[in-house]
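K.L.:
Protein sequence lines correspond, in order, to chains A and B. Mapped onto full-length UniProt numbering, the consecutive letters of the first sequence carry residue numbers 1 to 197. Mapped onto full-length UniProt numbering, the consecutive letters of the second sequence carry residue numbers 1 to 197.
The set of hints was computed from the structure by calculation and includes no laboratory data. Hints may be right or wrong, so weigh each one.
Note that identical chains are pooled: a pair holds if it fits in a single copy or bridges any two copies.
Under the rule of at most 25 Å between Cα atoms (straight-line distance), these lysine to any residue pairs were calculated in the SDA-like manner [claimed, not checked]:
no.	residue 1	residue 2
1	Lys-46	His-137
2	Lys-83	Glu-52
3	Lys-46	Val-26
4	Lys-46	Asp-174
5	Lys-85	Ser-185
6	Lys-46	Asp-143
7	Lys-85	Ser-173
8	Lys-83	His-137
9	Lys-46	Gly-112
10	Lys-46	His-177
11	Lys-126	Glu-52
12	Lys-85	Lys-126
13	Lys-187	Asp-174
14	Lys-114	Gln-166
15	Lys-46	Ala-60
16	Lys-83	Pro-48
17	Lys-46	Ser-27
18	Lys-187	Ser-173
19	Lys-46	Ser-35
20	Lys-46	Met-36
Here is how the chains run, residue by residue.
Number of protein chains: 2
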Amino acid sequence: MDINILLFPDFETLDAFGPVEVLGRVSGYALHFVSMGGGLVTSRQKTPIMTESMDQANAAGILLIPGGQGTRPLVQDEDFIGKLKYAAEQAAHCLTVCTGSALLARTELLNGRKATSNKIAFDWVKSVNSAVHWIEHARWVTDGKYYTSSGISAGIDMTLGFIADQYGSEQASDIAHGIEYVWNSDKTNDPFSRKKY
Amino acid sequence: MDINILLFPDFETLDAFGPVEVLGRVSGYALHFVSMGGGLVTSRQKTPIMTESMDQANAAGILLIPGGQGTRPLVQDEDFIGKLKYAAEQAAHCLTVCTGSALLARTELLNGRKATSNKIAFDWVKSVNSAVHWIEHARWVTDGKYYTSSGISAGIDMTLGFIADQYGSEQASDIAHGIEYVWNSDKTNDPFSRKKY
Numbered sequence: 001m002d003i004n005i006l007l008f009p010d011f012e013t014l015d016a017f018g019p020v021e022v023l024g025r026v027s028g029y030a031l032h033f034v035s036m037g038g039g040l041v042t043s044r045q046k047t048p049i050m051t052e053s054m055d056q057a058n059a060a061g062i063l064l065i066p067g068g069q070g071t072r073p074l075v076q077d078e079d080f081i082g083k084l085k086y087a088a089e090q091a092a093h094c095l096t097v098c099t100g101s102a103l104l105a106r107t108e109l110l111n112g113r114k115a116t117s118n119k120i121a122f123d124w125v126k127s128v129n130s131a132v133h134w135i136e137h138a139r140w141v142t143d144g145k146y147y148t149s150s151g152i153s154a155g156i157d158m159t160l161g162f163i164a165d166q167y168g169s170e171q172a173s174d175i176a177h178g179i180e181y182v183w184n185s186d187k188t189n190d191p192f193s194r195k196k197y
Numbered sequence: 001m002d003i004n005i006l007l008f009p010d011f012e013t014l015d016a017f018g019p020v021e022v023l024g025r026v027s028g029y030a031l032h033f034v035s036m037g038g039g040l041v042t043s044r045q046k047t048p049i050m051t052e053s054m055d056q057a058n059a060a061g062i063l064l065i066p067g068g069q070g071t072r073p074l075v076q077d078e079d080f081i082g083k084l085k086y087a088a089e090q091a092a093h094c095l096t097v098c099t100g101s102a103l104l105a106r107t108e109l110l111n112g113r114k115a116t117s118n119k120i121a122f123d124w125v126k127s128v129n130s131a132v133h134w135i136e137h138a139r140w141v142t143d144g145k146y147y148t149s150s151g152i153s154a155g156i157d158m159t160l161g162f163i164a165d166q167y168g169s170e171q172a173s174d175i176a177h178g179i180e181y182v183w184n185s186d187k188t189n190d191p192f193s194r195k196k197y
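Please build the complete structure, drawing on both the sequences and the hints.
P.N.:
Here's what the structure looks like:
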């Protein structure tokens, strides 16, 4: 199974690498770091990652879309959104973290579906596409092949939840123990939805 | 303040990028991804990172050393350990995650000091240098300018603890909220030290 981690300038570092740590521990998963143009992509926290071009990737596997400040210009980028829509349609499963759900929402593929996003940017995310059934109180949300999580660290919990759905909760728990992570395994348990910042 | 994230082949992805997410949110911190030779370095989870050469870096700031499978050959690499010792001596603060403490222990700089490491590899880490006062039950341990954490995810808790020690617990809590992370702020609370895998 090919796992495509879709990166773009100013993506949020942990949005990608929390899930990567979990997915990288699943036997048979081959991780690929991709971007629309290929080459070096630098995260919001200044991490330079070498990427393959998405159009060279096998899009039939799992697509992971992080969020971050870089999503703000990209929701207006018709070329990016068109390519993302194609990739998400091809994918067997599509996982987003934080404001990555805003990018996916712009493709219209979430229309009429349930989804969530991070709590600080929630009003902006809703404004991107009001045809999505946005769930504000959720650590993560599943709807068909689409998994969307709350902010940043929630991506780790969601990805473990995805592994649990695919292979059983024991495998997810084993991975959580292996990375010494206290897994919030209840997707309705959102410690951050009512807090003010 | 320059923050040098020291990468090497087969480092564990989240060991580096959990702390990076936290450190990248501190005003005035400039993150640099470095390796002993510079160039592309690939993590255990196949992430290719472009690095600067450590000998070009300003070593006077904070040094972060991740762990992972790549530490196993490196504890035998006299050239690497010699350069690491120099970098750690220059650093104002030195933080290790997981088996990154085995690398630091090999420099002898932890001799007589308290330190910890991850729980699956603990016996191996102790065997690297028995002159260190290894603490088995700890989420993270501080001794002077040295911070050492348990496995993988513990690096996030330790780095927030470091920020709390430097700038107060409110700033650490604000960062934890910003990344929607439930911070284990008690370094003696180790949920994984008594578990079997």
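K.L.:
Checking Lys-114 and Gln-166: alpha-carbon separation at most 25 Å within a copy, between copies, both or neither?
P.N.:
within (20 Å within a copy, 42 Å between copies)
K.L.:
At most 25 Å between CA atoms: does that hold for Lys-187 and Ser-173 within a copy, between copies, both, or neither?
P.N.:
Answer is both: 15 Å inside a copy and 23 Å across each meet the 25 Å cutoff.
K.L.:
For Lys-83 vs Pro-48, is the C-alpha pair at or below 25 Å within one copy, between two copies, both, or neither?
P.N.:
Result: close both inside a copy and across copies, 23 Å intra and 23 Å inter.
K.L.:
How would you classify Lys-83 and His-137 at a CA-CA limit of 25 Å: within, between, both, or neither?
P.N.:
Classified as neither: same-chain Cα gap 30 Å, cross-chain 49 Å, threshold 25 Å.
K.L.:
Given a CA cutoff of 25 Å, do Lys-46 and Met-36 count as a within-copy pair, a between-copy pair, both, or neither?
P.N.:
The answer is both: 19 Å in one copy and 19 Å across copies each meet 25 Å.
K.L.:
Taking 25 Å as the upper bound on the Cα-Cα distance, should Lys-46 and Val-26 be classified as within, between, both, or neither?
P.N.:
between (28 Å within a copy, 13 Å between copies)
K.L.:
For Lys-85 vs Lys-126, is the C-alpha pair at or below 25 Å within one copy, between two copies, both, or neither?
P.N.:
within (18 Å within a copy, 51 Å between copies)
K.L.:
Treating 25 Å as the Cα threshold, decide for Lys-46 and His-177: within, between, both or neither.
P.N.:
Classified as between; 21 Å across copies, 29 Å inside a copy.
K.L.:
Is it within, between, both, or neither for Lys-46 and Ser-27, if the alpha carbons may be no more than 25 Å apart?
P.N.:
between (30 Å within a copy, 14 Å between copies)
K.L.:
Have a look at Lys-46 and Ala-60 and pick one of within, between, both or neither, based on CA distance no larger than 25 Å.
P.N.:
The answer is between: 19 Å across copies meets 25 Å, while 30 Å in one copy does not.
K.L.:
Which holds for Lys-85 with Ser-173 at a C-alpha limit of 25 Å: within a copy, between copies, both or neither?
P.N.:
neither (32 Å within a copy, 37 Å between copies)
K.L.:
With 25 Å as the alpha-carbon cut-off, assign the pair Lys-46 and Asp-174 to within, between, both or neither.
P.N.:
Answer is between: at 21 Å across copies they meet the 25 Å cutoff, but 32 Å inside does not.
Hint violations for this structure: numbers 1, 5, 6, 7, 8, 9, 11, all remaining hints satisfied.
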